[in-house]
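Undergrad: Please take these sequences and the hints and turn them into a complete structure.
Protein chains: 2
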Amino acid sequence: MFTTSTTSDQFAVSRSAPLASTGARQTKLWSSLSEVCQLMQVPVSHADDTVRFQHVQFRAGQRIYTIGQPFDMLYVVYSGFLKTVAIDESGNELVLGFPMKGDMFGIDGIHGKAYTSEVVALSTCDVILIPFKTLLTIGKASPDVEQAMWGAMGRELIREQRMISSIGSLGAEARVARFLMSLSDRFAEIGFSSKQFNLRMTRQEIGSYLGLTLETVSRTLSAFNALGLISVEQKTVTIHEPDSLKTLRRLPPSKHAARSAAKLAA
Amino acid sequence: MFTTSTTSDQFAVSRSAPLASTGARQTKLWSSLSEVCQLMQVPVSHADDTVRFQHVQFRAGQRIYTIGQPFDMLYVVYSGFLKTVAIDESGNELVLGFPMKGDMFGIDGIHGKAYTSEVVALSTCDVILIPFKTLLTIGKASPDVEQAMWGAMGRELIREQRMISSIGSLGAEARVARFLMSLSDRFAEIGFSSKQFNLRMTRQEIGSYLGLTLETVSRTLSAFNALGLISVEQKTVTIHEPDSLKTLRRLPPSKHAARSAAKLAA
DNA sequence: CGGGTCCTTGACAGATTTCAAGACGTGTGG
DNA sequence: CCACACGTCTTGAAATCTGTCAAGGACCCG
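So the sequence lines, in the order shown, correspond to chains A and B.
In terms of UniProt numbering, the first sequence is numbered consecutively and its last residue is 266.
In terms of UniProt numbering, the second sequence is numbered consecutively and its last residue is 266.
Source of the hints: derived by calculation from the structure; they are not laboratory data.
A virtual CB, placed ideally from N, CA and C, is assigned to each residue, including glycine.
Treat the hints with caution; some may be incorrect.
Said to hold, decoys possible - Some but not every residue of chain B turned toward chain A, in silico, with C-beta under 7 Å: (1) D88; (2) E160; (3) I164; (4) L227; (5) L229; (6) V232.
Claimed, not checked - Just the calculated beta-carbon pair ranges, DEER-fashion: (7) B:Q41 x A:H46: 54 to 60 Å; (8) A:G171 x B:A226: 28 to 34 Å; (9) A:P143 x B:E233: 53 to 59 Å; (10) A:S193 x B:E89: 23 to 29 Å; (11) A:G68 x B:T137: 46 to 52 Å.
TA: The following block contains the structure:
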C-alpha cells in the first residue's frame with residue numbers, strides 16, 4: 001500500500017542506508033551511540049556502546065512532535081526528509097528548516113521544557129530517538145560527547161544567524177540560489193548527487209522558509225532555468241552552473257553600507 | 001574626561017546597579033556565581049560562591065571581541081548596551097542583536113572554537129567574563145547550572161527563530177513596532193521605564209537588525225509618531241499605545257495562507 | 001563656530017506581493 | 001480504466017512596498 005521507499009526517486013550516488021525492498025518494511029530499529037555520532041559526523045573516541053537508541057518510522061505528513069508538547073527527546077534523522085515549522089499568532093505556518101539525514105532536531109525544546117515548533121515528515125522517515133536526560137548522563141562521563149552536544153547546538157545557532165542575514169540582506173534571486181546550493185551541498189554530504197535532486201517540499205514551503213511567496217519562488221526558478229543556470233521540471237532540479245549560483249547576489253538593501261568599523265579599538 | 005555613566009540619561013525607575021558618582025570610575029570588579037545567575041534571572045540553588053568572575057569595562061565603540069578570535073569566554077552584561085554584528089562576504093555589517101543587562105553573549109563561539117561575530121559597546125559597559133572551561137566544570141557538579149547553560153543557549157535559539165519569522169513574514173511597520181515593544185519589555189525587565197527610553201543604536205543599526213534601510217526605519221517611526229502611537233525625537237522614544245504596537249500587523253506576504261495543516265496526524 | 005554623524009523628508013525606480021486564470025500531476029472512486 | 005477533484009506549479013498584469021538617490025536640518029564634539 002505504501003511505497004517501498006520514498007527516497008527511491010532520489011538520484012542516489014551511493015546508498016549507505018539500504019532499505020529492504022522485500023515486502024514488509026524491514027528497517028533498523030536501534031543505533032548505538034557511536035553510530036549516531038558517525039551519522040552526525042562528530043568525532044568521538046571510544047563511545048560507550050552499551051547505550052542504544054530507538055528508531056521510529058514516520059510516513060509523509062505525520063508529525064514527529066507538536067508545539068507545546070513536553071520536551072524530553074532530541075531526534076536525529078536516519079533517513080528521509082522533514083520540515084520544522086513554527087506557527088505565528090495568526091495561525092500561519094512558518095517553515096524554519098528542512099532536516100535531513102544526520103541532522104538533529106528538537107533542540108528548541110531544551111529551553112522551557114516544551115517544544116516551540118513542530119516537525120513534519122515530508123517523506124517516509126526513520127528518526128532516532130535520543131532522550132535528553134540520557135544524553136546529559138553520557139555527557140558527564142564523556143567530554144567528547146558533551147563537546148559534541150554544545151557543538152550541535154552552536155551550529156544550529158550559527159545556521160540561524162546566517163538565515164537572518166540572508167533574508168534580511170539579499171534579494172529573492174540570491175536567496176533562492178543559495179537555497180539550491182545549500183541543498184546541493186547537503187545532498188552531497190549524505191551521499192546523493194549534488195547536481196541533480198528532487199525537491200521534497202512545495203514552492204509554498206520554500207517560500208515560507210525564504211521569506212518569499214510561492215509565486216516569486218516559482219518565477220525565480222523559471223528565470224534560472226531560462227538563463228541555463230539550472231533545469232527545473234516540477235520537483236526535479238538539475239544544477240548546471242553551481243559557481244554562478246553561489247556567486248549570484250542582487251542587493252536590494254544597503255549598497256553604500258561600507259564598513260563603519262575601525263573607529264575605536266580595544 | 002568621560003561621562004560618569006552612559007546610562008544616566010536612561011529614564012530609570014529603579015537603580016539596581018549604582019555607579020559611583022564621585023570622580024574616578026569605581027565599579028564592581030568581581031561577581032560570584034550566584035550573582036551572575038541572579039543577573040541572568042536563572043534560578044540556582046546553593047551555588048558555589050568561591051568562584052568569582054572578573055568584570056571588564058568598555059567605552060562606546062570598543063570591541064569586546066572580533067570575528068575569528070579564538071573562543072574561550074562567554075560574557076554577561078552587567079550594565080550598558082552593546083551590539084553584536086556579523087560581516088557578510090561583501091564586507092557589510094549585519095546587526096544580529098543588542099545585548100543589554102543580564103544578556104549573555106559569545107555563545108556563537110562555542111561551535112568551531114572561534115567567534116563568528118563581533119560585539120561592540122554602544123555605551124560605556126561593564127561585562128562579566130566567564131571562562132567556558134570554568135563553566136563546564138561547575139556544570140558537572142551542579143545540575144542547576146548545567147540546566148541554566150542549556151537554557152541560555154536554547155533561549156538564544158528561539159529568539160533567533162522569532163527573528164527569522166518576523167523578518168520573513170512581516171512588513172516594515174510591524175517589524176519596527178515589534179522591535180520597539182521588544183525593547184520596551186527588556187527595559188522593564190532590567191528596571192527601566194517601559195514607556196520612555198533612549199534608543200542607543202542608530203537608525204542604520206536598527207535597519208540592519210530588522211532587514212530594512214535606515215530611511216524606512218526613520219519613516220516608519222515618523223508615521224507612528226503622526227498616528228500618535230509613539231513620540232519620537234531623535235533617540236528619545238515614548239510609547240503611547242503599546243497595545244496597538246503589539247497588535248499592528250500589515251502582511252506583505254501570505255494572506256490566504258490558511259493552515260494547510262490537519263492533513264495527517266501522528 | 002566648523003566638521004562630522006545622524007536624522008528626516010521627498011521623488012522616483014524597482015522588486016515583490018497580490019490577484020487571477022490556466023496547465024499539470026496525482027490519487028480516488030466509479 | 002477513465003473521469004473527476006484537488007493540490008501544485010506556472011505565468012500574466014496591476015498594486016504596493018521598500019529601496020535608492022538626494023538635499024536639508026539637527027545634534028554633538030572639539
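Undergrad: Among the hints numbered above, which are violated by the structure, and what are their numbers in rising order?
TA: 4, 5, 6, 7, 11
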